[in-house]
Structures are given as structure tokens and as C-alpha cells.
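**Q** Assemble the whole structure, with the sequences as input and the hints as a guide.
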Amino acid sequence: MNLASMCWPQLHSARFLLAVPLGATEQHGPHLPLDTDTAIAEELCRRLAERRPDVLVAPALPYGSSGEHAAFPGTLSIGQTAVELVLTELVRSADAFTGVIIVNGHGGNLEPVRAAMRTLHGEGRRALTWTPDGPADDSHAGRTETSAMLHMHPDQVDHAAAEPGTTAPLPQLMRLLRAGGVAAVSPNGVLGDPTGATAEQGTVLLDRWTDQLVAAVEQWHRR
Numbered sequence: 000m001n002l003a004s005m006c007w008p009q010l011h012s013a014r015f016l017l018a019v020p021l022g023a024t025e026q027h028g029p030h031l032p033l034d035t036d037t038a039i040a041e042e043l044c045r046r047l048a049e050r051r052p053d054v055l056v057a058p059a060l061p062y063g064s065s066g067e068h069a070a071f072p073g074t075l076s077i078g079q080t081a082v083e084l085v086l087t088e089l090v091r092s093a094d095a096f097t098g099v100i101i102v103n104g105h106g107g108n109l110e111p112v113r114a115a116m117r118t119l120h121g122e123g124r125r126a127l128t129w130t131p132d133g134p135a136d137d138s139h140a141g142r143t144e145t146s147a148m149l150h151m152h153p154d155q156v157d158h159a160a161a162e163p164g165t166t167a168p169l170p171q172l173m174r175l176l177r178a179g180g181v182a183a184v185s186p187n188g189v190l191g192d193p194t195g196a197t198a199e200q201g202t203v204l205l206d207r208w209t210d211q212l213v214a215a216v217e218q219w220h221r222r
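Read in order, the letters of the sequence shown correspond to residues 0 to 222 in numbering that gives the first Met the number 0.
I should point out that these hints are in silico values taken from the structure, not numbers from a laboratory.
Treat the hints loosely; a few may be bogus.
Unchecked claim - Ranges between beta-carbon positions, derived for each pair:
| no. | residue 1 | residue 2 | range |
| --- | --- | --- | --- |
| 1 | Q155 | M5 | 35 to 41 Å |
| 2 | N1 | Q218 | 21 to 27 Å |
| 3 | A182 | R222 | 40 to 46 Å |
| 4 | R124 | W7 | 36 to 42 Å |
| 5 | M173 | M0 | 36 to 42 Å |
Note that the Cβ used here is the ideal one computed from N, Cα and C, for glycine as well.
**A** Spelled out as C-alpha cells, the structure:
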């Protein structure tokens with residue numbers, strides 16, 4: 000299931016789809032770890048491989064386009080241009096696989112991911128990108144991501160430090176976000192309210208995301 004743990008004689012890449020977890024290393028409020036987006040992407044790829052024996056999971060890409068979080072310590076970003084280039088070259092290098100699935104855990108990666116897909120599809124390469132959905136008023140370090148992390152890694156969640164941030168829908172915040180980053184709209188870095196998050200909600204959420212991802216891959220692969 001894990002590409003990195005295999006030896007090359009074990010690998011007949013023409014038989015496999017390659018799933019690549021794409022995340023970020025960025026602040027997730029005072030209560031979640033910096034690798035939250037990467038952890039979610041890795042978990043979804045792992046679940047996809049459990050459901051489809053023709054899927055191998057590549058090592059995660061833990062850096063993304065996270066400039067909007069730059070005001071918070073610990074955030075590391077390689078920017079949109081670098082994300083686009085890395086994904087383009089990575090998928091080009093995986094031509095021997097049946098196809099490549101980019102499972103993206105960070106909303107800030109959407110624009111460079113789409114740009115990379117346009118280039119790759121224009122070259123005739125088989126690549127799919129998929130990003131989990133979420134409420135517009137709970138887009139970062141809120142109930143959604145906190146619930147997922149409580150299910151996956153409860154020991155990494157500081158529940159006592161969880162506090163509401165800005166709960167306005169994301170489209171209403173975009174102008175200020177583009178001008179001043181997340182700190183301009185949320186001093187604690189949270190876009191949402193994590194205080195009611197539970198591991199049980201995380202179980203339901205991750206199951207739903209898994210079903211949606213598997214369905215998207217099956218539809219794409221049939222084409």
C-alpha cells in the first residue's frame with residue numbers, strides 16, 4: 000500500500016494508481032498541530048488504498064501554498080508557483096502508473112493544483128485532484144478539522160485550548176484575507192468554532208469523505 004516501503008522488483012507500476020497526499024505545514028489555531036492538513040490527506044489516501052487494492056500511496060508532500068498564515072509562527076510555505084511546478088513534475092515522473100490522484104488537504108493549494116492539472120491534462124496525462132469539502136463558516140481549524148483530528152490523533156489535540164475564531168462565511172472574508180492574511184480576520188488563526196468538536200463527528204466526517212473520494216476515483220478511472 001505504501002510506495003516508499005516497497006523495493007523496485009515488487010513494483011509493477013502499470014498495474015497501480017498512485018495516490019499522493021498533498022498537505023501543508025501551517026498554523027491551525029492554538030489547539031491543532033501544524034501538520035493537520037497533511038494528516039487528513041494521508042488518512043484519506045490510506046482509506047482509499049484500503050478500498051481499492053490497485054492504489055499505492057506515495058509519501059506525502061507536507062509543504063504547500065500557505066502564505067495567508069505567514070503571521071503565525073511555525074507556518075512554512077513554498078508558494079503557489081512552487082506547488083504548481085512540484086505537482087507538474089511529480090505527475091510527469093509517474094507516467095508508468097495507470098494514473099495519479101492528488102488528494103489535497105489544504106484550501107490554499109487549490110489554485111496551483113488546478114493550474115498543474117490544466118498543464119498535465121493538456122499533455123494527455125491521467126491525473127485527478129480531489130479536495131474534501133467543508134462548511135463555508137468553518138474553513139480552518141474549526142469543528143470540521145478538529146473533529147477529524149480527534150478521531151485520527153486525539154493525543155495531538157489540545158482540547159482545552161480550543162476557542163472560537165471568526166465564524167463569518169469564507170466568501171465574506173476573502174477581500175480581507177487576500178489583503179492581510181488570516182491574522183487580519185482572526186487573531187487566533189481559527190476560521191470557525193472548534194469548541195463542539197468530537198471524535199464521533201470526526202468518524203462520520205471521514206467516512207463521508209472516504210466514500211466521496213472512492214466514488215470520484217471510480218468514476219474517473221472508468222473514463
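**Q** Now look at each hint and say whether the structure bears it out.
**A** Evaluation of the provided hints:
Distance hint check for Q155 and M5: the Cβ-Cβ separation is about 28 Å, which falls outside the suggested range of 35 to 41 Å. At roughly 25 Å, the beta-carbon separation of N1 and Q218 lies within the given 21 to 27 Å, and the hint holds. Between A182 and R222 the C-beta distance comes to about 43 Å, which sits within the given range of 40 to 46 Å. Distance hint check for R124 and W7: the Cβ-Cβ separation is about 22 Å, which falls outside the suggested range of 36 to 42 Å.
Checking the proposed 36 to 42 Å range against M173 and M0 shows it holds: the Cβ atoms sit about 38 Å from each other.
The structure fails hints 1 and 4 (numbered hints given earlier, in ascending order).
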